Amino acid sequence: MISLTDEYTVALGVTAIATYVVSRFLIPPSLVHPLLLGRQAHVAQVRKEGESAVYTNYGAANSSLPIAPGRGVTTQVSLLKLDSANAHVERWLWDRKISNAQLSAKAATVGAALCTIAGLVPKASRVLLLLDDGFEWLVADLALASHCIPSVTISSATLLHATIDSHPPDAIIVQAPFLEQLLEVLEESDHPHTHSTTLIVVGDRTGEVKKHAGKVRTKIVTWEDVETFKAEGVTSTPPIAGDISSAHFYANENGVLRGAQFTHQNVVAGTTATINIFPTSQPWSESDSVVSAHSLSTPYGRSILYAALYTGSHFTTLPSSCTLSHGANAPTVGEIVRAASHEGRPAPTLMFLTSKHLSLLTTSILNFAKKSFLFRLAWQHKHSGILQGYLVRDGLWDRWVFMAARKQAVGNGIDKLRAVCIGGEPSDAAAIVPARIALSVPIVAAYPSPLSTGPVFASHPLDLQVLDPGSGSGEADSSPSKTHTGAPTCNIEIKLLHIAEEAVNGGADPEGELCIRGPGVGDPVPMGVQLEDGWIDAGVNARVRANGTFVIGKQRTRLDGSSHDFTLI
Numbered sequence: 000m001i002s003l004t005d006e007y008t009v010a011l012g013v014t015a016i017a018t019y020v021v022s023r024f025l026i027p028p029s030l031v032h033p034l035l036l037g038r039q040a041h042v043a044q045v046r047k048e049g050e051s052a053v054y055t056n057y058g059a060a061n062s063s064l065p066i067a068p069g070r071g072v073t074t075q076v077s078l079l080k081l082d083s084a085n086a087h088v089e090r091w092l093w094d095r096k097i098s099n100a101q102l103s104a105k106a107a108t109v110g111a112a113l114c115t116i117a118g119l120v121p122k123a124s125r126v127l128l129l130l131d132d133g134f135e136w137l138v139a140d141l142a143l144a145s146h147c148i149p150s151v152t153i154s155s156a157t158l159l160h161a162t163i164d165s166h167p168p169d170a171i172i173v174q175a176p177f178l179e180q181l182l183e184v185l186e187e188s189d190h191p192h193t194h195s196t197t198l199i200v201v202g203d204r205t206g207e208v209k210k211h212a213g214k215v216r217t218k219i220v221t222w223e224d225v226e227t228f229k230a231e232g233v234t235s236t237p238p239i240a241g242d243i244s245s246a247h248f249y250a251n252e253n254g255v256l257r258g259a260q261f262t263h264q265n266v267v268a269g270t271t272a273t274i275n276i277f278p279t280s281q282p283w284s285e286s287d288s289v290v291s292a293h294s295l296s297t298p299y300g301r302s303i304l305y306a307a308l309y310t311g312s313h314f315t316t317l318p319s320s321c322t323l324s325h326g327a328n329a330p331t332v333g334e335i336v337r338a339a340s341h342e343g344r345p346a347p348t349l350m351f352l353t354s355k356h357l358s359l360l361t362t363s364i365l366n367f368a369k370k371s372f373l374f375r376l377a378w379q380h381k382h383s384g385i386l387q388g389y390l391v392r393d394g395l396w397d398r399w400v401f402m403a404a405r406k407q408a409v410g411n412g413i414d415k416l417r418a419v420c421i422g423g424e425p426s427d428a429a430a431i432v433p434a435r436i437a438l439s440v441p442i443v444a445a446y447p448s449p450l451s452t453g454p455v456f457a458s459h460p461l462d463l464q465v466l467d468p469g470s471g472s473g474e475a476d477s478s479p480s481k482t483h484t485g486a487p488t489c490n491i492e493i494k495l496l497h498i499a500e501e502a503v504n505g506g507a508d509p510e511g512e513l514c515i516r517g518p519g520v521g522d523p524v525p526m527g528v529q530l531e532d533g534w535i536d537a538g539v540n541a542r543v544r545a546n547g548t549f550v551i552g553k554q555r556t557r558l559d560g561s562s563h564d565f566t567l568i
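Residue 266 in numbering that gives the first Met the number 0 sits at position 267 of the sequence shown; the count goes up by one each step and never skips.
Hints in this document: simulated from the structure, not taken from any laboratory.
Fair warning: this is a prediction, and the values are worked out from it, not measured in the lab.
Be aware that a few hints might be false.
Pairs of lysine-lysine residues, derived as PhoX-like cross-links and limited to a Cα-Cα distance of at most 20 Å, are as follows [unchecked claim]:
id, residue 1, residue 2
1, Lys553, Lys355
2, Lys218, Lys229
3, Lys406, Lys370
4, Lys369, Lys406
From just these sequences and the hints, can you work out the full model?
Quick look at the structure:
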């Protein structure tokens, strides 16, 4: 006869075995092997004194940095892949359905008309784009690129006066609501070239253009006139990889005008880096629908657009991405909802958002989830899973709590979402885990630079680690709650200058001034920020962790140079 003590022993043994079986076989394993997350960048074996080693993407450790996403792609125009079988397949670009072949034909027609109407000369003229993000912006950019005419963009309307004074364009394509302000700037400018500038106005629905045309010396035409103009005898030499494609101006920490100019090769390389942000096991395809919160006037925003064009994906932008509205379009959940519930365009599968958008979206979903009496239990289980390295979208707690909350906050289209990339300012580390719980999709943290067409850093999509930001002494740790922005992207090299030798030799993380180099990095303006061997000063401090991921600090204050000490193009 078994004693009571023996029964307790058997019961405890069975319980222990059952617990082991459940933890071993029923709990999913980590999505990525810990060894891969422990070494996310390749580190050079040697370094100079006062500098860190050179860091590159682990996948491009001992090979040349990739420039193009595919064979035969060398220029911005060739990203349309007109020789592919899908060139005539229509897809949604904003509210318009069009194929790459139709888009190329339209851009060629508009480009020829611009050359005739505005007297533009390939490789000599330049055109300033003051447009909201939309289909007209894309057509104008492609039209200029196909005729070897560089386009110029600015990060804010406050830079308009300095840009026109220091580098007057031959033509300006402007949104109708911005025309009056532009005319005032042109009248106030002391540069004689501004009076011969041609203005092409987009979106004139009230006839205001004709009223202004008779009052100013500047030639003004409408976008409709350009689209319907029949240009004859206009020939253009196809661009090559080394031709200047675009220039972008922004303000540094002191408000001084800075910029960079990019070749066609830079644009192609930036597109390549953007496409490779997400896992190669789930590449971009024609079935994807992309929503971007990054302005097309920025190099990074443009690369997202051209990545969608190359892969045949549907594409749209959020209204808050416009940089010319003086902050009138603040980020909202409503614009994400409208983008996800478009009548014709498929629901978004990839979202490129800012930290503010992600925070608003997370808060909205969790507010609905909190109405469920199972919320706390569901939160604990999802949070525990993330800490153990796995994330599921259709698990028990998703079906009972979070799936319904997502649909209530965004709509049924949220089910199609498969990844989110946040860029811009580094995100708060405390906000990432709630976002992963609410959305239950891979979230990539990317760091774009105005000097690079593609992202400089991008975190691993399946890196769910919650790491202590650490405590450094420099600018990179001025906000210790900021999360890392990942390892270098596929075609960029990184090193840090002016690091503390004693601290690094003692085992501390290298921390210093961030320098970048690669095929996606443009030529800075002024040239003073370019260092030896092609290295470019990115203007920020950074710290690199032992696993090869970087923490970005604030912009450094530069005292050298003025807003007029450069020659562009």
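Problem - In rising order, the numbers of the hints this structure does not comply with - result: none
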